[in-house]
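With UniProt numbering, letter number 24 in the sequence shown gets 24, and the count goes up by one each step, no holes.
Because the hints were derived from the structure by calculation, they are not lab data. Remember, predicted model here, so these are calculated numbers, not experimental data. Incorrect hints may appear among the rest.
Said to hold, decoys possible - Label-pair restraints from in silico Cβ distances:
(1) Leu5 / Gly142: 23 to 31 Å
(2) His133 / Leu162: 38 to 46 Å
(3) Thr88 / Gly115: 14 to 22 Å
(4) Gly12 / Pro102: 31 to 39 Å
(5) Ile137 / Trp17: 18 to 26 Å
(6) Gly12 / Val45: 28 to 36 Å
(7) Pro99 / Ser150: 23 to 31 Å
(8) Ser161 / Gly68: 16 to 24 Å
As the list claims (entries may be wrong) - Capping the alpha-carbon separation at 25 Å, the derived lysine to any residue pairs in SDA-like fashion look like this:
(9) Lys11 / Tyr85
(10) Lys84 / Pro102
(11) Lys84 / Leu5
(12) Lys84 / Phe145
(13) Lys84 / Thr4
(14) Lys84 / Arg157
(15) Lys84 / Pro47
(16) Lys11 / Ser41
(17) Lys11 / Leu128
(18) Lys84 / Ala55
(19) Lys11 / Ile101
(20) Lys84 / Ser44
Ideal Cβ placement from N, Cα and C applies to all residues, glycine included.
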Amino acid sequence: MSATLSLDDFKGALGSWASGVTIVTTELNGLVYGITVSSFSSLSVDPVLVLVSLADTNHLPRMIRESGRFAISILSAGQENVSKYFATSGREPAPAFDPSIPTETWLTGCPLIPGAIAQIDCELHQALPGGDHTIVIGRVVGARFDPERSPLIYFRRAYRSLAEG
Numbered sequence: 001m002s003a004t005l006s007l008d009d010f011k012g013a014l015g016s017w018a019s020g021v022t023i024v025t026t027e028l029n030g031l032v033y034g035i036t037v038s039s040f041s042s043l044s045v046d047p048v049l050v051l052v053s054l055a056d057t058n059h060l061p062r063m064i065r066e067s068g069r070f071a072i073s074i075l076s077a078g079q080e081n082v083s084k085y086f087a088t089s090g091r092e093p094a095p096a097f098d099p100s101i102p103t104e105t106w107l108t109g110c111p112l113i114p115g116a117i118a119q120i121d122c123e124l125h126q127a128l129p130g131g132d133h134t135i136v137i138g139r140v141v142g143a144r145f146d147p148e149r150s151p152l153i154y155f156r157r158a159y160r161s162l163a164e165g
């Protein structure tokens with residue numbers, strides 16, 4: 001960080017950006033892994049691309065590069081426990097996630113979270129270095145959403161929900 005920018009100020013400024021909460025997962029050689037990600041965005045509609053920014057300190061960037069596929073679940077209000085599970089550091093790739101976290105698969109075979117407001121299946125389009133992160137660009141091969149659900153929101157280190165009206 002520069003002398004004029006503290007890490008706390010940087011994190012505080014970015015934490016002021018209210019965002020949805022996503023779980024990004026992959027499967028490789030019978031092992032699954034996933035993390036909670038707030039750095040998610042649409043990138044292009046022709047071709048249909050999305051991007052996620054993943055810390056190089058976890059297993060996910062390597063596993064996605066090797067498997068060539070990943071899935072994104074955009075969490076619904078009330079799924080804070082799912083977000084917290086996937087935000088826990090120190091987890092290793094395993095044959096399954098904790099039994100309290102149900103999953104399903106769709107087109108790519110990567111785990112998706114039931115009850116999410118939206119689910120997106122991707123094939124790896126490109127992985128780019130971005131400082132201490134990898135920017136993973138996915139070509140969307142399938143997307144579905146539930147218009148009846150409300151999103152889980154994360155703002156200033158706390159989960160929130162949208163106000164009605």
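Each hint, compared with the structure:
1. Taking the beta carbon of each, Leu5 and Gly142 are about 40 Å apart, not inside 23 to 31 Å as hinted.
2. Roughly 28 Å separates the CB atoms of His133 and Leu162, a value that falls outside the hinted 38 to 46 Å.
3. Restraint check, Thr88 to Gly115: a C-beta distance of roughly 20 Å satisfies the suggested window 14 to 22 Å.
4. In this structure the hint that Gly12 and Pro102 lie 31 to 39 Å apart at CB holds, the actual value being about 35 Å.
5. Separation of Ile137 from Trp17 is about 21 Å and conforms to the stated range, judged on CB atoms against 18 to 26 Å.
6. Gly12 and Val45 have their C-beta atoms about 33 Å apart, which keeps the hinted 28 to 36 Å range intact.
7. A hinted range of 23 to 31 Å for the beta carbons of Pro99 and Ser150 is consistent with their spacing of about 26 Å.
8. For Ser161 and Gly68, the Cβ-Cβ distance of about 35 Å falls outside the hinted range of 16 to 24 Å, so the restraint is violated.
9. At most 25 Å may separate the alpha-carbon atoms for a hinted pair to count; Lys11 and Tyr85 meet this at roughly 22 Å.
10. Distance hint between Lys84 and Pro102 is fulfilled; the C-alpha atoms sit about 14 Å from each other, no more than 25 Å.
11. Under the criterion of a C-alpha separation no larger than 25 Å, the hint pairing Lys84 with Leu5 is inconsistent with the structure, at around 29 Å.
12. Only pairs whose Cα atoms come within 25 Å are accepted, and Lys84 paired with Phe145 is accepted, the gap being roughly 22 Å.
13. Using a Cα cut-off of 25 Å, the hinted pair Lys84 and Thr4 is violated, with the two alpha carbons roughly 33 Å apart.
14. This hinted pair checks out: Lys84 and Arg157 have alpha carbons roughly 12 Å apart, not beyond 25 Å.
15. The suggested pairing of Lys84 with Pro47 is violated, with an alpha-carbon distance near 33 Å, which exceeds 25 Å.
16. Note on Lys11 and Ser41: the hinted pairing holds, with a Cα-Cα distance of about 19 Å set against a maximum of 25 Å.
17. At roughly 23 Å between alpha-carbon atoms, Lys11 and Leu128 fall within 25 Å of each other, so this suggested pair holds.
18. For the proposed pair Lys84 and Ala55, the alpha carbon gap of about 17 Å is at most 25 Å, so the pair holds.
19. Annotation: proposed proximity of Lys11 to Ile101 is violated, straight-line Cα distance about 29 Å (limit 25 Å).
20. Taking the CA atoms of Lys84 and Ser44, the gap is about 30 Å. The hint is violated against a cut of 25 Å.
The earlier numbered hints that this structure contradicts are 1, 2, 8, 11, 13, 15, 19 and 20.
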